[in-house]
Structure formats: structure tokens, C-alpha cells
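**Student:** Sequence:
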Amino acid sequence: MTPPTSHPPVTTHLLYLHGFRSSPQSAKARQVAQRVAERHPGVVWCCPQLPPSPREAMQGLQQRVAGWPRQGMAVVGSSLGGFYARWLALQTGCRAALLNPAAVPQRDLARYIGEHSAWHDPEQRFYFEPEFVDELAELADDIQRWLPDVATTPQSLYAIVSRDDEVLDWREMLAFCAGGDVKLLPGGDHAISDFDQHIDGLFEFLNLKG
Numbered sequence: 001m002t003p004p005t006s007h008p009p010v011t012t013h014l015l016y017l018h019g020f021r022s023s024p025q026s027a028k029a030r031q032v033a034q035r036v037a038e039r040h041p042g043v044v045w046c047c048p049q050l051p052p053s054p055r056e057a058m059q060g061l062q063q064r065v066a067g068w069p070r071q072g073m074a075v076v077g078s079s080l081g082g083f084y085a086r087w088l089a090l091q092t093g094c095r096a097a098l099l100n101p102a103a104v105p106q107r108d109l110a111r112y113i114g115e116h117s118a119w120h121d122p123e124q125r126f127y128f129e130p131e132f133v134d135e136l137a138e139l140a141d142d143i144q145r146w147l148p149d150v151a152t153t154p155q156s157l158y159a160i161v162s163r164d165d166e167v168l169d170w171r172e173m174l175a176f177c178a179g180g181d182v183k184l185l186p187g188g189d190h191a192i193s194d195f196d197q198h199i200d201g202l203f204e205f206l207n208l209k210g
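Here the sequence shown is numbered in our numbering, starting from 1 and rising by one per residue.
Derived by calculation from the structure, the hints in this document are not laboratory data. Treat each hint with caution, since some may be false.
Unchecked claim - List of simulated lysine to aspartate or glutamate pairs, EDC-like, C-alpha gap at most 16 Å:
| id | residue 1 | residue 2 |
| --- | --- | --- |
| 1 | Lys209 | Glu38 |
| 2 | Lys183 | Asp196 |
| 3 | Lys183 | Glu204 |
| 4 | Lys183 | Asp164 |
| 5 | Lys183 | Glu172 |
All values derive from a computational prediction rather than experimental measurement.
Required output: the full structure, derived from the provided sequences and hints.
**Tutor:** Structure (C-alpha cells):
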């Protein structure tokens, strides 16, 4: 008797989370949004502008997805958004795809306390407060506390990691994605400038509704 084939769940609701100083206007966010619109018009798409406060960002995201079906939702996150996506996926039980995720943002962003401009709109400025680092540490503690109770598998987690990322340590990113299906790029950069060459693998994992 042939065992039944395991099919990945169909994603009907997709959330995209941008990185630090980024926005829904980032190149990767726009590429994903365009493909969803053109090939998967039946999918509920959400790519919000995230506030500087990690706690406020997570509270807002939880409210946004409160009515979403857990088996039918997935979250994609880039850089700091990848860290957020990991937290949200563990918290909700949904699937996640991480693009050069920030593995230890509470350490890395501690030196960025102060005023910053947004990458895609330099006139838009925000202040990264010292307490935001503490909020990131709390989210990191949540992840470590939840991990033993949630199995990470290639079906639940997908990641693209650039070995030559100039911002983040690829070894830390690999550890952060342990258990998942990780595509390790031999070169690349933090922005994944050749994202168009890897987007097919991302969408294969997401298995979006037509």
C-alpha cells in the first residue's frame, strides 16, 4: 500500500515584514507584492509599515492577523523583519520564510540608538529608543522559550541566507534557522540583490492559493 503523499498547506493569507529603516517600498517587498497580485489574486496580502518599537510592532501584527486562519497563513520577513517573522510564526503556529534574518538584533541594534532616516524616504525620520533594545531582548527570550515546544521542520520554515552578507553573520543566521529548509547562497549580499533568481524557491515553499 502506497503511503499518502504529504502536501504543503495552501497559503491564503500572506504577511510581509520589512527590516530596520526599511519599508513596504523595499525591492524585495515590491517583487513579492507584484507576483502575488499577478499570479495569486485570491491571496490576502498585507505588508505594513512597522513602527520603531518592537513591542508595538508585534502587538500591531497580532491584531492584524487575529482573524487569519493559522493553517492558511504564512509570514515572510527580511532582516529585522525575519526576526519578527520567526517570533510571530512561533507565537501563532504559522509557517515562515526568512530572508537574511537578524538573529541577534538586541545586540546588533544597540549601537543604532538615536535618530535615523528611512531608506526609501529620507525625509521620514524616527528615533530608535534605548528601551527598544530591551524589547528586542524580550522577544528573543520568547523565541528561546517557545522553541522546545514547537518543531521546526523544512515544511514550517524556509530561509535564504547570503554567506557574504555584509551586515549579519551567516553562521548566526544558520543557527537561527536550524531545522528549517535553508538555501545558503555562496556569495550574495544583505539585500539579496539577485532576489529575482531566488523568488521561485520562496513561492514554491509558500504554495499560495491561485
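**Student:** Now tell me if each hint is right for this structure.
**Tutor:** Hints, one by one, checked against the model:
| no. | hint | result |
| --- | --- | --- |
| 1 | Lys209 / Glu38 | holds, 12 Å |
| 2 | Lys183 / Asp196 | holds, 14 Å |
| 3 | Lys183 / Glu204 | holds, 13 Å |
| 4 | Lys183 / Asp164 | holds, 13 Å |
| 5 | Lys183 / Glu172 | holds, 14 Å |
In summary, the structure agrees with every hint in the numbered list given earlier.
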